[in-house]
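Q: Sequence:
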Amino acid sequence: MSEAGRDRPVWPPFVLAAFAVALTAGFGAGAALFAASGLGTAAGRWWPAVAQVHGHCQLFGWAGLAVLGVGFHFLPRLRGAPLAHPGAPRAVLWLIVGGLVARMAAQPALAAGAPEPGVGGWQVLLVAGGLAELAGASVALALLWRTLRNGPPLGPRAGLRGVLPFLVAAFGGLWLALAVNVAGVWGAGGGVVDGRLDRLTVELAFYLFLVPVAVAMSARTFPLYFRTPPPAVAPLRAGLACLVAGLAARVTGELAGAAPVAALGRLGLAAALGCFVAALGVFAPARPVPRGALPLRRDPLRLHALSAYGWLVAAALLLLDNAATLIGAPAVSPDAERHALGAGFVTLLILGVAARMLPGFARRPLRAVALVWATLALGNLAALLRVVPLLLTLPAGARDAALAAAGVLDLLAILALAVNLAVWRGPWGVGRESVGA
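Each number in the working numbering comes from the position in the sequence shown (counting from 1) with 863 added on.
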């Protein structure tokens, strides 16, 4: 590899790809789905097929690519070792993006009964896309494992040792979720993945990949960026144990049709989320503000973090509400739980952490603090419109209008972040400007 290639930062293509997926099959498709439903044009198999594509691309495109890009930059520095095989992330990116594009094309075409595109047809393309994503995750795991092994002894690196179980769970969870996804697309007759396998993929992606990696990153960065107290190790570990046990019980109960076991699993997951919030001290009084620093109550980036974890608390409450089916209470829509996590926790955390960390990675300031306030307002309003209508008894038209508006607001939030980061300017990571915001 040339000297310029070695110096080129690894994360920008992942972030650009995450933006592209979010603006198309992610939030863009989400808005279009409910607009179509409100207009009465949602009949047929294409609607559930596109809905599954939308959810998959949000988890593994918007969130997954952003996590991998930042992880390839951040984790080697946390380990104190260079990234093994610096050219390998390019293969990870192409495999995952190629798999996502194949799914975007093949699944709706299968559901709509489109003519076969040639040898093999849409079903082969759909399975090939799933296999490509799994191969990308496999390369990423091998790359991170080699990086961990090549570094200095772990003994002095307390920061890494504290979050290493979360990182192992997260990247193992990514691989496992994509392995289940392959099984799902393999048998996706008519273009719709079996609901049990699709639900299992989503739950593994949220609770074994995105939540653990978000908690690990929060534990390492929040005390530095937002002056939260140092994380409490024992509750963090207890939360991870509850998370794994609760997810195992929930999945077992749902697959076996044992509702009480699934409800106990949801209780375990809710307990895990509560442990994480308590251990991280996100809502605890912040440490003193240094002289000349922006007061924390006026820091929109910290408010992104606070509101993201507020949505994590909301997800825990929804889990508790669904666990109340043990005593005969009616269940709320599982879609509300998913979007409290996805549109609320994950998206607001990405919006805030990206605006805080990426300018430092790129050595380039944000364009405007006003755009940070815009992503805070747009992201929270979108999450409200995506979750609250599912908990109320509303006319179908009003509900679909609110859900479609949520997608539009998230699109605007992504565009505001892209403008603030000036994502079209390059090359990133070699500028001379000072770090901003």
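No wet-lab data here; the hints were simulated from the structure.
Be aware that one or more of the hints could be misleading.
Label-pair ranges, simulated between beta-carbon atoms [what the hints assert, rightly or not]:
(1) V1282 / A1187: 40 to 46 Å
(2) L1254 / V1282: 30 to 36 Å
(3) A1108 / R1059: 34 to 40 Å
(4) A1261 / A977: 30 to 36 Å
(5) F937 / V987: 18 to 24 Å
(6) V1282 / A1111: 39 to 45 Å
(7) F937 / G1035: 14 to 20 Å
(8) V1282 / G1260: 29 to 35 Å
(9) A977 / R1161: 22 to 28 Å
(10) R1059 / E979: 53 to 59 Å
No experiment lies behind these values; they were computed from the predicted model shown.
The beta carbon of each residue, even a glycine, is placed where N, CA and C say it ideally should be.
Q: Each hint: holds or not?
A: Structure-based check of all given hints:
The beta-carbon spacing between V1282 and A1187, approximately 44 Å, falls within the hinted interval of 40 to 46 Å. Between L1254 and V1282 the C-beta distance comes to about 33 Å, which sits within the given range of 30 to 36 Å. In this structure, A1108 and R1059 break the distance hint of 34 to 40 Å, their C-beta atoms being roughly 21 Å apart. Checked against the given bound of 30 to 36 Å, the beta carbons of A1261 and A977, roughly 33 Å apart, stay inside it.
Here the CB-CB span from F937 to V987 is close to 37 Å, at odds with the stated 18 to 24 Å. One distance hint, 39 to 45 Å for the beta-carbon pair V1282 and A1111, holds here, with the actual separation near 43 Å. Between F937 and G1035 the Cβ separation comes to about 18 Å, which falls inside the hinted range of 14 to 20 Å. For V1282 paired with G1260, a C-beta distance near 33 Å keeps the hint of 29 to 35 Å intact.
Our hint of 22 to 28 Å for A977 and R1161 is violated, since their Cβ atoms are close to 53 Å apart. At about 28 Å, the CB distance of R1059 to E979 disagrees with the hint of 53 to 59 Å.
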